[in-house]
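In the order they appear, the protein sequences are chains A and B. Mapping of the first sequence onto the working numbering: position 131 corresponds to residue 539, and the numbering continues sequentially without gaps. Mapping of the second sequence onto the working numbering: position 40 corresponds to residue 58, and the numbering continues sequentially without gaps.
Do not take every clue at face value.
Said to hold, decoys possible - Some chain B residues judged to face chain A by a derived CB distance under 10 Å, without partners named:
1) V46
2) T96
3) L107
No lab work stands behind these hints: they were computed from the structure. Beta carbons are placed, not taken as given, at the ideal position from N, Cα and C, and that holds for glycine.
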Amino acid sequence: MRRLYAILVAAGLIYMLFVFLGTLPLYGKVDLSNRVSAHFLAKDVNSVDVKKWVEGDKQVPSREKIYGRKGFEDESANVVTSIVVNYRSFDTLGEVTVLFASAVGIGLVLGGMKRMGYGRKPNFILRVSTGILLPLIIMFGIYIFVHGHLTPGGGFPGGTVIAAAVLLLYLSNEEFVANMKTSKSLEGSMGSLYVIFGLAGLATGGAFLFNFLPNGVVGSLFSAGVVPLVYMTIGLKVGSELSGVVAEIHEEREG
Amino acid sequence: MVYGISIILIGIGIYGLMTQKNLFKHIVSLSIIDTAVNIFIVATGYVSNGKAPIYTRALPGFSPNSFVDPLPQALVLTAIVIGVGTLALGASLLVRVKEKHSSINVENMKGVGE
Chain A
409 MRRLYAILVA AGLIYMLFVF LGTLPLYGKV DLSNRVSAHF LAKDVNSVDV KKWVEGDKQV
469 PSREKIYGRK GFEDESANVV TSIVVNYRSF DTLGEVTVLF ASAVGIGLVL GGMKRMGYGR
529 KPNFILRVST GILLPLIIMF GIYIFVHGHL TPGGGFPGGT VIAAAVLLLY LSNEEFVANM
589 KTSKSLEGSM GSLYVIFGLA GLATGGAFLF NFLPNGVVGS LFSAGVVPLV YMTIGLKVGS
649 ELSGVVAEIH EEREG
Chain B
19 MVYGISIILI GIGIYGLMTQ KNLFKHIVSL SIIDTAVNIF IVATGYVSNG KAPIYTRALP
79 GFSPNSFVDP LPQALVLTAI VIGVGTLALG ASLLVRVKEK HSSINVENMK GVGE
């Protein structure tokens, strides 16, 4: 009986959502010139007129090269990064705060004294390959968050890759215990560094998280001003935070 | 098409939330709904034959609708991270529930008032 009701409710909800789909443009048939995102793609939020721009009119002609040039509002080649860490950076600060809150919550709920064992010896292949792969995995994580403004990726995926390296250490060694003091202090200092970047922007540019560094050329490693620095702090913060979560999951209370 | 997949996944998640008695399956259902909503938001920004919104040597400039919409992707990036946080917090709470009530099945919990 309960299953029948559940099927009916779920089917009703699915039907309702399918009806709502009629108000949306068809899949793949979106016209970007009607959307706010065209401003972000043009790298000029304040002055560009998107309708004229898309039609190839004077203001910023369409098909104009953006890669390899300078003089835009935001110079990161990856537009998603420029939205996440530049235009909507305050939102990202809130997101990092939510992640911090959940890591603190996990620490409060699960924190224990000693490390939980798996009760069996790790596989030989796992132990040996960890020694070979660990530096490569950490280097790959650092590569991802350093190149966040040029390639897909950024601070959050890079930090997650680093946390995966810590998880590999836990899996391959029964005695391994992460140094929680280091991870907590790295996490705290990186979180405050993000706020300090914001306050520096407030002092120099008059707006919180203002991009106060020189912008450089679109597509080069030293470009986009404050964006790579912020993504590095986010990467280290997320990496240490998720490593702390992995460590806390492996703890157990006495008795 | 992709809209349909995400809506059906939302329906599956709601069904799981209403029928399952194991609390871990509730978390799995919530995670399915989370993923489905993320798929839906990303799909609203898709442009046919659009490329990833990154300026490279191969795609140096902007022409109308050559890139997909970057804004939904940025929003989903936020949503995924928060989804990870809530999932981990919920799973860790379940560990404590299992310790206190000896089960995570709603019907077999000990010490819970009817």
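Evaluation of the provided hints:
no.	hint	result
1	V46	violated (15 Å)
2	T96	holds (5 Å)
3	L107	holds (5 Å)
In this structure, only the earlier hint numbered 1 is contradicted, and the remaining ones agree with it.
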